[in-house]
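To convert, note that position 8 of the sequence shown is 8 in the working numbering; the numbers rise steadily by one, no gaps.
If you're looking for bench data, these hints aren't it; they were derived computationally from the structure.
Because the structure is a prediction, the values reported are computed rather than measured.
The beta carbon of each residue, even a glycine, is placed where N, CA and C say it ideally should be.
One or more of the hints may lead you astray.
The following label-pair restraints were derived from C-beta to C-beta distances [unchecked claim]:
#	residue 1	residue 2	range
1	Ala47	Asp25	31 to 39 Å
2	Leu72	Ala27	18 to 26 Å
3	Glu69	Ala6	26 to 34 Å
4	Asp22	Pro49	28 to 36 Å
5	Ala73	Arg51	27 to 35 Å
6	Ala39	Ile68	35 to 43 Å
7	Ala77	Leu20	13 to 21 Å
8	His16	Glu69	15 to 23 Å
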Amino acid sequence: MVAAIATVGERAVYTHLKDLTDDPDDALTYLGGGQLPLAAIMDALDALPQRLFYCFEFRGGGEAEARIEKSLAYLAARAGN
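Starting from the given sequences, assemble the full structure and let the hints guide the process.
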């Protein structure tokens, strides 16, 4: 993933953020709550010379609102807010 970000480089305009668990019945989770190397991915995105728009989404049902809140908290903590 980090290599792909470097390859796209300054051509990137936005990114669709996701994090995944190993549970096949509920693989999507909040940002920072899964198994993807999200810190390294975010570091690679932050190293790009341009600012990016970040997009993330969750399917309905379950605890979608809580996942959104946790994802926003993860991004805010990375930004130092």
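Tested hints:
Distance hint check: the CB atoms of Ala47 and Asp25 are about 35 Å apart, consistent with the given range 31 to 39 Å. Checking the proposed 18 to 26 Å range against Leu72 and Ala27 shows it holds: the Cβ atoms sit about 20 Å from each other. Range check, Glu69 to Ala6: about 31 Å between beta-carbon atoms, so the 26 to 34 Å window is met. The given range of 28 to 36 Å is respected by Asp22 and Pro49, whose C-beta atoms sit roughly 35 Å from each other.
A C-beta distance of roughly 21 Å is found between Ala73 and Arg51, which places it outside the suggested range of 27 to 35 Å. A hinted range of 35 to 43 Å for the beta carbons of Ala39 and Ile68 is inconsistent with their spacing of about 20 Å. For Ala77 and Leu20, the Cβ-Cβ distance of about 20 Å falls inside the hinted range of 13 to 21 Å, so the restraint holds. Separated by about 19 Å at the C-beta atoms, His16 and Glu69 satisfy the suggested range of 15 to 23 Å.
Checked against the numbered hints given earlier, this structure breaks hints 5, 6; the rest are met.
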